[in-house]
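K.L.:
Sequence:
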Amino acid sequence: MFGLFKKKLKDVVDKFSRKTEDEVKEEKIEEPIKEEIKEEKKQKKFLGLFKVKEKEEIPEEIREEVLIEEPVTEQPEEEISKKYEEEIIEKPKKEVVAEEIHEKKKGFFEKLKGITKVKISEEKFEKLFEDLELVLLENNIAYEVIDKIKESLKMDLVNVPLSNVKKTIEKSLKESIEDVISFDKVDLLKKIKEKKPYIILFLGVNGAGKTTTIAKLCNLFLKNNLRCVLVAADTFRAASIQQLEEHAKKLGVNVIKHDYNADPAAVAYDGIKHAEAKSIDVVLIDTAGRQHSNINLMDELRKINRIAKPDFKIFVGESITGNDIIEQVKQFNEAVGIDGIILSKLDVDDKGGAAISVSYVTGKPIIYFGNGQNYDNLEEFDKEKILKNLDI
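Numbering (numbering that gives the first Met the number 0), first residue to last: 0 to 391.
Mixed in with the good hints there might be a few duds.
[What the hints assert, rightly or not] Calculated pairs, EDC-like style, for lysine to aspartate or glutamate (alpha carbon to alpha carbon, straight line, at most 16 Å):
id : residue 1 : residue 2
1  : K123      : D155
2  : K123      : E150
3  : K302      : D269
4  : K184      : D338
5  : K153      : D186
6  : K6        : D178
7  : K153      : E193
8  : K147      : E174
9  : K165      : D155
10 : K190      : E121
11 : K308      : D349
12 : K387      : E169
13 : K7        : E132
14 : K222      : D310
15 : K7        : E275
16 : K165      : E143
17 : K6        : D155
18 : K222      : D375
19 : K149      : D178
20 : K190      : D338
21 : K149      : E122
22 : K165      : D178
23 : K194      : D349
24 : K5        : E121
25 : K149      : D183
26 : K184      : D349
27 : K153      : D183
Read the hints as simulated data drawn from the structure, not as lab findings.
Fair warning: this is a prediction, and the values are worked out from it, not measured in the lab.
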């Protein structure tokens, strides 16, 4: 799941981050620099107070007077040498102070470099988002979901000082997707135990894997000590009735069926009556696949729904259908109402956009994923597992 999408998403996030860091000018913080220079000037001024004043000119008469009153005495060579050395040692103090200021200034610039941040303008963001938007569209993410991701990223990135662009993008993207796939989970097993018989109607388009999905759910219910009966209400395909019978034989349950081309609503009715008579826990009704644009078949589905009065209606759709599944769910929901979704063939879907988008757009929860042909290949919807598989 998400194999190709995960790789492309990682690549585009890296590209987004790299472009941002390469193209967006860094915001320079100049005020502290000015203050540092002022501080340096103050120190220089302070040091200037201690400069040795140049000898003032001594008037001629005073100089003579001094010469008379204070006779010159000879100093030993050792004392002169010592005094000269002391002067030499004292002079470099100014250089030491200057070096300290230089080091302090250098340290400040190093710190400044560390806290420099980038800001992305709205115009720049729009340009950078184009690559990410293309990847999302290519991987069957719905427009409504892309808009939500875009708005979240914009809030987190535009005109906000950023020290780590990549981490910010990844965090924002993860939070957006997590929000999109956050919905109230349906505990189908709990619901079934509250009513007997519990009637489930399966519907969807042709070839979506309804019959196989029914067998997988039946297997799950049997493992939870629930008795089941299968109802072959797809009377338009003789092969469909035969397929359901084969599953029932393997699972050890009964199938209620009529002849080919019989009234599907009548088959559903008989199946429910059988369950009531035999104290069976769950009735699973298979129906013919149909396109939502076929008015006659949609009317027939309405009739089945009216007669059977199902407790729960499950739309079974292929994950690989992409955004088409969203329109299918909308149309079937409008016709008879949908309570939950099972996405089949997720194991061969490298994109995975339908798994992310369908519940957010339609408001209908995903209950299970079908990810293989074996009866145990039915996986309960798990938000955390999806986020882990996306590796963001």
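K.L.:
Give a verdict on every hint.
P.N.:
Against the structure, the hints:
As the CA atoms of K123 and D155 are separated by approximately 14 Å, the hinted pair is consistent with the 16 Å bound. The suggested pairing of K123 with E150 holds, with an alpha-carbon distance near 15 Å, which does not exceed 16 Å. A C-alpha spacing of about 15 Å is found between K302 and D269, which places the hinted pair at or below 16 Å, so the restraint holds. Among the hinted pairs, K184 with D338 is consistent with the structure: their alpha-carbon atoms are about 11 Å apart, no more than 16 Å.
Using a Cα cut-off of 16 Å, the hinted pair K153 and D186 is violated, with the two alpha carbons roughly 36 Å apart. Using a Cα cut-off of 16 Å, the hinted pair K6 and D178 is violated, with the two alpha carbons roughly 22 Å apart. At roughly 46 Å between alpha-carbon atoms, K153 and E193 are farther apart than 16 Å, so this suggested pair is violated. At most 16 Å may separate the alpha-carbon atoms for a hinted pair to count; K147 and E174 meet this at roughly 11 Å.
Between K165 and D155 the alpha-carbon distance is near 12 Å, which keeps this suggested pair within the 16 Å criterion. Taking the CA atoms of K190 and E121, the gap is about 49 Å. The hint is violated against a cut of 16 Å. Pair hint K308 plus D349 does not hold up; C-alpha atoms about 37 Å apart against a cutoff of 16 Å. Taking the CA atoms of K387 and E169, the gap is about 13 Å. The hint holds against a cut of 16 Å.
For the hint pairing K7 with E132, the CA-to-CA distance comes to about 11 Å; that is within 16 Å, so the pair holds. A hinted pair counts as satisfied when its Cα atoms are at most 16 Å apart, and K222 with D310 does not qualify at roughly 21 Å. Under the criterion of a C-alpha separation no larger than 16 Å, the hint pairing K7 with E275 is inconsistent with the structure, at around 52 Å. Between K165 and E143 the CA atoms are separated by roughly 24 Å; this puts the pair beyond 16 Å, and the hint is violated.
Between K6 and D155 the CA atoms are separated by roughly 23 Å; this puts the pair beyond 16 Å, and the hint is violated. Only pairs whose Cα atoms come within 16 Å are accepted, and K222 paired with D375 is accepted, the gap being roughly 10 Å. Our distance criterion of 16 Å between C-alpha atoms is met by K149 and D178, whose separation comes to about 13 Å. Proximity of K190 to D338 is assessed by CA-CA distance (about 12 Å); at most 16 Å being required, the pair is judged to hold.
Note on K149 and E122: the hinted pairing holds, with a Cα-Cα distance of about 13 Å set against a maximum of 16 Å. Taking the CA atoms of K165 and D178, the gap is about 20 Å. The hint is violated against a cut of 16 Å. Of the supplied pair hints, the one linking K194 and D349 is violated, its CA atoms being roughly 39 Å apart against a limit of 16 Å. At most 16 Å may separate the alpha-carbon atoms for a hinted pair to count; K5 and E121 exceed this at roughly 27 Å.
For the hint linking K149 to D183, the alpha-carbon distance of about 24 Å lies beyond 16 Å, and the restraint is violated. For the given pair, K184 sits about 24 Å from D349 by alpha-carbon distance, which is inconsistent with the 16 Å threshold. The suggested pairing of K153 with D183 is violated, with an alpha-carbon distance near 27 Å, which exceeds 16 Å.
The structure does not agree with the numbered hints 5, 6, 7, 10, 11, 14, 15, 16, 17, 22, 23, 24, 25, 26 and 27 stated previously, though it agrees with the rest.
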